Amino acid sequence: MKEHYDVVIVGSGLGGLVSSIILAKEGYSVCVLEKNNQYGGNLQTFVRDKTIFDTGIHYIGGLSEGQNLYKYFKYLGIIDHLKLKKMDENGFDIISFEDDQNEYPHAQGYDNFVKQLEHFFPEEKTNIEKYCHKLRSICDSFPLYNLESEGKYDNAILELNAKETIDEFTQNEKLRAVLSGSNFLYAGIADKSPFYVHALSVNSYIQSSWRCINGGSQITKQLLKQLKKHGGEFYKHKEAIHFPVENNKVTSVQMKDGTQVSGTYFISNIEPKTTLKMVGEENFRKSFYSRIQSLEGVISAFSLYIVFKPKTFKYINHNYYHFKNSQEVWTAHEYDESSWPKAYMASMNASKKEEEWADGMTFITYMKYDDVSQWADTYNTIVHQNNRGESYDEFKARKAATFLDEIEKKFVGIKACIQSIHTSTPLSYRDYIGGDRGNMYGYVKDASNPMKTLIASKTKLDNLYLTGQSINMHGVLGVTIGAVVTCSEILGKEYLVSKINQESE
Numbered sequence: 026m027k028e029h030y031d032v033v034i035v036g037s038g039l040g041g042l043v044s045s046i047i048l049a050k051e052g053y054s055v056c057v058l059e060k061n062n063q064y065g066g067n068l069q070t071f072v073r074d075k076t077i078f079d080t081g082i083h084y085i086g087g088l089s090e091g092q093n094l095y096k097y098f099k100y101l102g103i104i105d106h107l108k109l110k111k112m113d114e115n116g117f118d119i120i121s122f123e124d125d126q127n128e129y130p131h132a133q134g135y136d137n138f139v140k141q142l143e144h145f146f147p148e149e150k151t152n153i154e155k156y157c158h159k160l161r162s163i164c165d166s167f168p169l170y171n172l173e174s175e176g177k178y179d180n181a182i183l184e185l186n187a188k189e190t191i192d193e194f195t196q197n198e199k200l201r202a203v204l205s206g207s208n209f210l211y212a213g214i215a216d217k218s219p220f221y222v223h224a225l226s227v228n229s230y231i232q233s234s235w236r237c238i239n240g241g242s243q244i245t246k247q248l249l250k251q252l253k254k255h256g257g258e259f260y261k262h263k264e265a266i267h268f269p270v271e272n273n274k275v276t277s278v279q280m281k282d283g284t285q286v287s288g289t290y291f292i293s294n295i296e297p298k299t300t301l302k303m304v305g306e307e308n309f310r311k312s313f314y315s316r317i318q319s320l321e322g323v324i325s326a327f328s329l330y331i332v333f334k335p336k337t338f339k340y341i342n343h344n345y346y347h348f349k350n351s352q353e354v355w356t357a358h359e360y361d362e363s364s365w366p367k368a369y370m371a372s373m374n375a376s377k378k379e380e381e382w383a384d385g386m387t388f389i390t391y392m393k394y395d396d397v398s399q400w401a402d403t404y405n406t407i408v409h410q411n412n413r414g415e416s417y418d419e420f421k422a423r424k425a426a427t428f429l430d431e432i433e434k435k436f437v438g439i440k441a442c443i444q445s446i447h448t449s450t451p452l453s454y455r456d457y458i459g460g461d462r463g464n465m466y467g468y469v470k471d472a473s474n475p476m477k478t479l480i481a482s483k484t485k486l487d488n489l490y491l492t493g494q495s496i497n498m499h500g501v502l503g504v505t506i507g508a509v510v511t512c513s514e515i516l517g518k519e520y521l522v523s524k525i526n527q528e529s530e
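Count along the sequence shown from 1, then add 25; that gives the number in the numbering used here.
Simulated from the structure, these hints should not be mistaken for lab results.
No experiment lies behind these values; they were computed from the predicted model shown.
Treat each hint with caution, since some may be false.
[To be verified] FRET-style restraints, in silico, Cβ to Cβ: (1) 180 / 435: 35 to 45 Å; (2) 283 / 520: 32 to 42 Å; (3) 137 / 184: 27 to 37 Å; (4) 89 / 283: 46 to 56 Å; (5) 527 / 284: 51 to 61 Å; (6) 321 / 352: 30 to 40 Å; (7) 380 / 487: 37 to 47 Å; (8) 284 / 114: 47 to 57 Å; (9) 72 / 414: 23 to 33 Å; (10) 189 / 161: 18 to 28 Å; (11) 335 / 114: 39 to 49 Å.
[What the hints assert, rightly or not] Calculated cross-link-like contacts (lysine-lysine; reagent style BS3-like; alpha-carbon spacing at most 30 Å): (12) 27 / 483; (13) 75 / 334; (14) 483 / 274; (15) 254 / 377; (16) 75 / 246; (17) 377 / 27; (18) 378 / 336; (19) 75 / 159; (20) 440 / 485; (21) 217 / 27; (22) 349 / 150; (23) 261 / 349; (24) 477 / 254; (25) 302 / 281; (26) 477 / 274; (27) 261 / 311; (28) 99 / 518.
Don't be surprised by glycine CBs; every beta carbon is placed ideally from N, CA and C.
Modelling step: build the complete structure from the supplied sequences, incorporating the hints.
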């Protein structure tokens, strides 16, 4: 590691890695620092019983040729090296309810999306079409979503509430629930979640939906290859603890192991609350510092990872969003000990292009950080091994058994196919991904107060920038675009967008 770089990036999540390649391609000397053993943040995978599981990337949208994420990945130099499996065209997501035998599909392609739902709601075709039109018109309002540097951005769009807007399209309660049914993608809250978050999340999957064969960590691997190709450097087991500041500029990053590295520009891809603390409260306006520290994190999750006995459970090429009933679609995060879990997402990892049998399956449901707060002082990562104790193991086993009972109701016979079960809690997400209180998607966005959660990628310090899922949008596409926004502050938006467009053709 050199003493000085043009750009020092702290955190190797997707936002940090995309930023590093953009700037390295422009000739900047770039260094990425990662505290953990694995690079990639939410792109990480892990192996249990020789079965690969994704931490956060269960499927990706917009990767067909010419679509937005395809173009970004083409510019980054990774699209041709990814091993992908296209999900079911007629239903990449299935919305289902315990009290209803129907399985309602979200299909790829807007015409097909309408056609597949029209089968269940024949009188609602026009309303479904209006919903689709609204999705696209909202997405068209975000310039970088469409690789444009200028656009008709309208603040009123930020104030549209997701549930209210969806409900306006139809009086049919079941259709409302089906259209909202994948709101786990952004942890939907009825009186807060903005419609633009819904639109940006759902639209790219309707364009095209893909699974990463053998997991999302291949994206990390390809990004690191590109970074190396363009002269960038990256180091793991380098935990940043402090950003010293002089004359309104960060001078260096100090690390836990006593080393430090200086730079001209600094980009933090770690949690904004943590970043501000590492820089020092005195270096920001009091109102700004207080606002960021008071932001509410999105709820966390409890995940169940099942390894199947060989050739016992058929591979399913779509996801499920399953609810106890259609009334729970916006309230699944409001549970108590007796009603948990009210809903879950079920997904599979693809291990090859064509497969009959599944190796494993992931089930994710909401879990509040408070449920595990009694063990909050314990940390468990590759670097810090900390036994949380028998009580924690008992808690996980009890929750896994309860969750599995719910899963068995939908997937009858699944218990008999299980070879082993593995779990993660909000503490796992906190320790491995670095999210505040283990949150899944950064901070809660509120349509009634959109400015409260707005965090600019350029801070008031002359050379400190922010990126990652808490800045702009979460998800693979959202974070990639966020990194472009961050780098635009250094390179200029018009210049960078035209460069991406030229290189992605």
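Holds or violated: are the alpha carbons of residue 75 and residue 334 at most 30 Å from each other? With a Cα-Cα distance of about 12 Å, the restraint between residue 75 and residue 334 holds, given a limit of 30 Å.
Within 30 Å, alpha carbon to alpha carbon, are residue 217 and residue 27? violated (46 Å)
Just to be careful, I want the Cα atoms of residue 349 and residue 150 compared with a cutoff of 30 Å; is the pair within it? This hinted pair holds, its Cα atoms lying about 26 Å apart.
Does the alpha-carbon distance linking residue 75 and residue 159 stay inside the 30 Å limit? violated (44 Å)
For the hint 23 to 33 Å, verify it against the beta carbon of residue 72 and that of residue 414. holds (25 Å)
Is 30 to 40 Å respected by the C-beta to C-beta distance linking residue 321 and residue 352? violated (24 Å)
Does residue 274 sit within 30 Å of residue 477, going by the straight-line distance between their CA atoms? At roughly 25 Å apart (the allowed maximum being 30 Å), residue 274 and residue 477 satisfy the hint.
Range hint 37 to 47 Å (beta carbons of residue 380 and residue 487) holds or violated: Violated, at about 53 Å.
Residue 89 paired with residue 283, Cβ distance criterion 46 to 56 Å: Hint holds: Cβ distance 48 Å, inside 46 to 56 Å.
Straight-line alpha-carbon gap residue 99 to residue 518, limit 30 Å: It holds: about 18 Å lies between the C-alpha atoms, which stays within 30 Å.
Straight-line alpha-carbon gap residue 254 to residue 377, limit 30 Å: holds (28 Å)
Hint consistency between residue 302 and residue 281 [alpha-carbon to alpha-carbon, up to 30 Å]: holds (15 Å)
The structure shown violates the earlier hints numbered 5, 6, 7, 11, 17, 19, 20, 21, 23, 24 and 27.
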